[in-house]
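Number of protein chains: 4
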Amino acid sequence: MGMIGGGTDAFIGSVHRLAAFMDGQVELVCGALSINPDIAKSSAQLLYLPEDRTYLNYEEMITMESQLPADQRMDFVTIVTPNFAHFAPAKMALEHGFHVVIEKPMTFTLDEAKELKQIVDKTGLLLCLTHTYSGYPMVKQAKAMIRDGVLGQIRKIYVEYPQGWLSKLSEREGNAQAAWRTDPKKSGKAGSMGDIGTHAAHLAEYVSGVKIAKLCADLNVVVPGRMLDDDGAVLLKFDNGASGVLMATQIAAGEENNLRIRVYGEKGGIDWKHEDPNTLLVKWLDQPVQVLRAGANYGNLSSYALANSRTPGGHPEGFLEAFANIYRNFTRTLQCRLEGTEPAPEWLDFPRVEEGIRGMAFIENVVNSGNSDTKWIDYVV
Amino acid sequence: MGMIGGGTDAFIGSVHRLAAFMDGQVELVCGALSINPDIAKSSAQLLYLPEDRTYLNYEEMITMESQLPADQRMDFVTIVTPNFAHFAPAKMALEHGFHVVIEKPMTFTLDEAKELKQIVDKTGLLLCLTHTYSGYPMVKQAKAMIRDGVLGQIRKIYVEYPQGWLSKLSEREGNAQAAWRTDPKKSGKAGSMGDIGTHAAHLAEYVSGVKIAKLCADLNVVVPGRMLDDDGAVLLKFDNGASGVLMATQIAAGEENNLRIRVYGEKGGIDWKHEDPNTLLVKWLDQPVQVLRAGANYGNLSSYALANSRTPGGHPEGFLEAFANIYRNFTRTLQCRLEGTEPAPEWLDFPRVEEGIRGMAFIENVVNSGNSDTKWIDYVV
Amino acid sequence: MGMIGGGTDAFIGSVHRLAAFMDGQVELVCGALSINPDIAKSSAQLLYLPEDRTYLNYEEMITMESQLPADQRMDFVTIVTPNFAHFAPAKMALEHGFHVVIEKPMTFTLDEAKELKQIVDKTGLLLCLTHTYSGYPMVKQAKAMIRDGVLGQIRKIYVEYPQGWLSKLSEREGNAQAAWRTDPKKSGKAGSMGDIGTHAAHLAEYVSGVKIAKLCADLNVVVPGRMLDDDGAVLLKFDNGASGVLMATQIAAGEENNLRIRVYGEKGGIDWKHEDPNTLLVKWLDQPVQVLRAGANYGNLSSYALANSRTPGGHPEGFLEAFANIYRNFTRTLQCRLEGTEPAPEWLDFPRVEEGIRGMAFIENVVNSGNSDTKWIDYVV
Amino acid sequence: MGMIGGGTDAFIGSVHRLAAFMDGQVELVCGALSINPDIAKSSAQLLYLPEDRTYLNYEEMITMESQLPADQRMDFVTIVTPNFAHFAPAKMALEHGFHVVIEKPMTFTLDEAKELKQIVDKTGLLLCLTHTYSGYPMVKQAKAMIRDGVLGQIRKIYVEYPQGWLSKLSEREGNAQAAWRTDPKKSGKAGSMGDIGTHAAHLAEYVSGVKIAKLCADLNVVVPGRMLDDDGAVLLKFDNGASGVLMATQIAAGEENNLRIRVYGEKGGIDWKHEDPNTLLVKWLDQPVQVLRAGANYGNLSSYALANSRTPGGHPEGFLEAFANIYRNFTRTLQCRLEGTEPAPEWLDFPRVEEGIRGMAFIENVVNSGNSDTKWIDYVV
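Residue numbers (numbering that gives the first Met the number 0), protein chains in the order written: chain A, 0 to 380; chain B, 0 to 380; chain C, 0 to 380; chain D, 0 to 380.
Bound-form chain A, shown alone (with noise of 0.2 Å):
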């Protein structure tokens, strides 16, 4: 693996290595970790990486890489910048034979996110999105048993994902975090709603297994002096005839990072909550609640679950391990084309590069609805 961007300077950078070496089958073999010149050489003393493999621009990086014997070269490329610069070391990562794992959102706009489709399809690489959520255990029991018919028709979708730590103009009180996310330039169109609305939207549609065919999207800049929504909700409607609610707040002021999701069909509900991510509570029309634990033996839990979780029930996974579940379905998946075998199904189950289309078209569609006057807008890709 190689590394675009997660210097010391920055915070997801090194939630990625965390899930990249858990498994023990990933190794960080060079990087261009910072657009300082010395926060790259600093980070990547830390890291380990040799001299001659600390690169100070991701250009540099590609092209020397890709000069390298194929078994000495990286296999495949992080990309953990700033939204605004995901596109470009994406497309010429893919140009020059490598594989790609990418923050979501996956770029600044959905006309970047449409063209790397295109070079993916050409390329036929993979590019893996690290929608963490999506790699929880007990998310994918939801989205298996929904998969399963064992809900019945979905009719009714709430997600919800407030957090509370741009209650204040951090922005400008020199938390850099919130000065990139906050920063049209560098962030996109979308605040909140790309920031953690993204989220939102995918795991809807990743658990549910229907697409938002219409929304209605209420946006605010809450606090004043802020550039971008830093709150919102938005009306669904799903392809399935469902409807929904999306709500995404980063000014709930002491909410910590409760992405939640419940989905109601005929028969039942599932509900899941960031905050106990190993419990999937299934809620059944006339039967008692049942309480279903990651990685507990009672016979009945997905292959999907299974596959994810490392201990039995009860050692409670979180999420750097859900993380995690993404770079090992993905290098798993790596491997196996290495290799020349067929992956299990269970280790195809990452997102993509279509689930990375999804998600900038949500922004656009819901930026496009907050400025509307028009109740319902198709959601358009």
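Keep in mind the hints are simulated off the structure, nothing from the lab. Mixed in with the good hints there might be a few duds.
For chains that are exact copies, the list does not tell them apart, and a pair is met inside one copy or across any two.
[Unchecked claim] In silico BS3-like pairs for lysine-lysine, Cα to Cα no more than 30 Å straight-line: (1) Lys210 <-> Lys90; (2) Lys266 <-> Lys185; (3) Lys188 <-> Lys213; (4) Lys167 <-> Lys213; (5) Lys167 <-> Lys266.
Fit chains B, C and D to the given chain A structure using the hints.
Using the frame of chain A, we list chains B, C and D on its own:
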């Protein structure tokens, strides 16, 4: 207390009686308990009503009671009939000098509600509307904290009320409760929005102290064959600039009666769930969450919270006690009026005709918005 | 109902009245509400008692009431005095033909308890002991499931009752409740073990259906200056071979009233907490945990659970309703007896003189064990 | 890192590897992964070990590694064999100059533990004992608060560890984990008390800072045919006068792995559950409960809590991260030693040979007490 409706074939009538009797201050002295004479009589017998005060319709009851000497007649009348049969007996009772307790929604139409207010204003009598959930001590605690500015300016309100009991077409399967509540001739313009959406809207305004100014509603008839909305979600704008989301559904299979409200201000938020009504979570921007508990002797619970519980912390009070609080505050206020004394401010805190108008306006506005292609409509009263 | 004790300066008396009145079947007709004549009179006035049935001591009350015509005298007497003043009025009431409701622990000594049983047996009258927690519907559900063998052979019982309100020497700081409960002359041989340990012991035997056969107790006086145990833990052996642990403490600073019981059998376990009394967790060896809820219409709740709730699932009932269930079952049984009919089995389910003897025996045995160097002592009744 | 035990047929070995690898600071360089040569070889292959450092027994590994140049040999050895096979390799490794990480319980007997301490003292090498649960940030927070006197004098400690996985005689049904853990020849004198009771005892002493001074144990063999205790409860007296209860069972059908500790002092208490490990409830005598969360930026979390989490509040870390904390603190301390620098106090916080002796003493004392008719026995080390 005299009662109109609430025979043995009804649901909410017995709840009213349990609530009214609990504190030992109210006695049922007469009733017109059903339009079915047999049920009216047998129900009266079970409740130990004397035969001469067992009436067969409300006109008879109000007429006869008003002819009794002042110290023998009922002090007030409780109306627990279906929505369409609220207005006429309420009007007649007030016009004959009786105070009124009435189930929500207050009337069948907004116009009726406004007329009722005129009568209340003219007669000077008390009208108490049983928005039960505002009777919980920790709801009152939340209201008090917000009123006192503890959370700062209010920014975001989420209120949700998921139920699952109408997931099937139960109104065709002999469920009497379902039958009238889904019948536009008995229930009114709205189904779930009238039945439970009004509770949610009242709670949002009661707790936050701000009023809905605009809304954008998505109303759905999910179960085929149903005549009124059984599901909906509403985007809200409040008169102080805050935004919000209201969700009310009766087709969330597996849900019981999980009303929940979250209100966020600049400095923190509150989170109250009917499922655990004696707890109020208070979330802070920069301090740990606090768990406030009904009846606790911290020395910093609001007098409104303390006045509305009967037992020390750790002795859970529930739905019936919340209901009884509405009755207790109403009857204490009534008693003060009868005695010519000044009620404590905590006793004056029960929902009245003004809240009844807000509820009927909510129904009107939410139905109008549901039928409209325009995104935001002004909340007209 | 007549009441002995329970004046305005007492705690549990008002709880008894709330519970008794709730279902509209019981009326307070007379009382000897305090040994302080002023309080006795003023308390009676507040409760609308007529002057001629406001008594200044229990002897007077029982004597006078027994001289009234049968259809005018009280049907039963409720005794809510401190422990040392239970036996004499209970004895006198029974000997004058009155049924009795009595607070736990039933008497001051085990000998008194045994004598009371002789009188009950001789007179054939009803004695109802208010072990409140056995009135909760989900406690009854747990009992029913275990009785029906759903969990298989019972193996392990944990019952705990942590409170924190005696963490300081409150009995010296004007806390009247603390004063008598920590005074061996008023409370009896045990402090916390008598006050709350007896509840825990009763609950363990009630739910599990097995009886304590041996025990090993650690009793502590934690707060310096206190005269009775304020903390303790007891290892238990039951008559079926199961083992258990009972923990009762009043010095767990910050705890409210968190009685909890867990019972495990070969096939699964149940877990009930007073904090969330409408929920019963059922844990299975090889299936997901189930969340049973009071009032739910699954079709598989026990008739004992259903008969002891008043509202549908999702309408929390609490401590007062559990208390009221004891009264309701007792008074229905009493009414059947007066009418010469057969009570439903669910109505017969209230604690009686036998449970009172078990409670007093628990106190005796636990104090003996606390003072002994021998590990296990036989539970002697 | 070299590893002894932990082949593909084992459980805890892979957990050690996940934990060791997570932070990208540890590499597996050699292993004697199984006493079965085939498993030893195939496991090594899966872990990318070179053939020349794939050993078939620990003697060979330690001998060979010690003959490598200092900068090529393993830095430390991790021992993850069953209990009976801990001492010999640990002793040999230390005597050959290798630092040691070892699973709990540290040895097979208390005598072995004491001998190991002598060797550690003599060689000056590090021995790290993986009492995982002490690696959780909120456990460290609890310890820090108690050490800082926030709760006042400690009065009561409840620690419980219910599991259900040995509810049947699984050791006769092909469950390899059950087989050795219930075999006195492989596991030692105690079953559940050694396997999980030692974790509970360690946690109690670690968090509270006080030491067990006396105990009174009830050990049970619940499942017929089992050779060691599968259930037990222990009354405790601590050296500061506090009392406590320790419950450890493996026959609580339906329980997963729910270690929980509650510690109460004069001013309040803490409550930590493994089920929700990122939360620490802090209960106060006269203030609302506070909910402390791992990774939160309140400004008042202990440096020990903060140093042991990797992500911001709301990103749950779990069992593997807690395990990784033990490794991370150990390896940082080791690295400092190698570099001649001073480790931060937070890094020195990992369990060592002294805790290993306490654990073995716990087993000895608890078994002795279980066999004794005397109530209290002194805790002898």
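Cross-check of the supplied hints:
| no. | hint | result |
| --- | --- | --- |
| 1 | Lys210 <-> Lys90 | within (27 Å within a copy, 51 Å between copies) |
| 2 | Lys266 <-> Lys185 | between (45 Å within a copy, 28 Å between copies) |
| 3 | Lys188 <-> Lys213 | both (19 Å within a copy, 26 Å between copies) |
| 4 | Lys167 <-> Lys213 | between (32 Å within a copy, 26 Å between copies) |
| 5 | Lys167 <-> Lys266 | between (43 Å within a copy, 9 Å between copies) |
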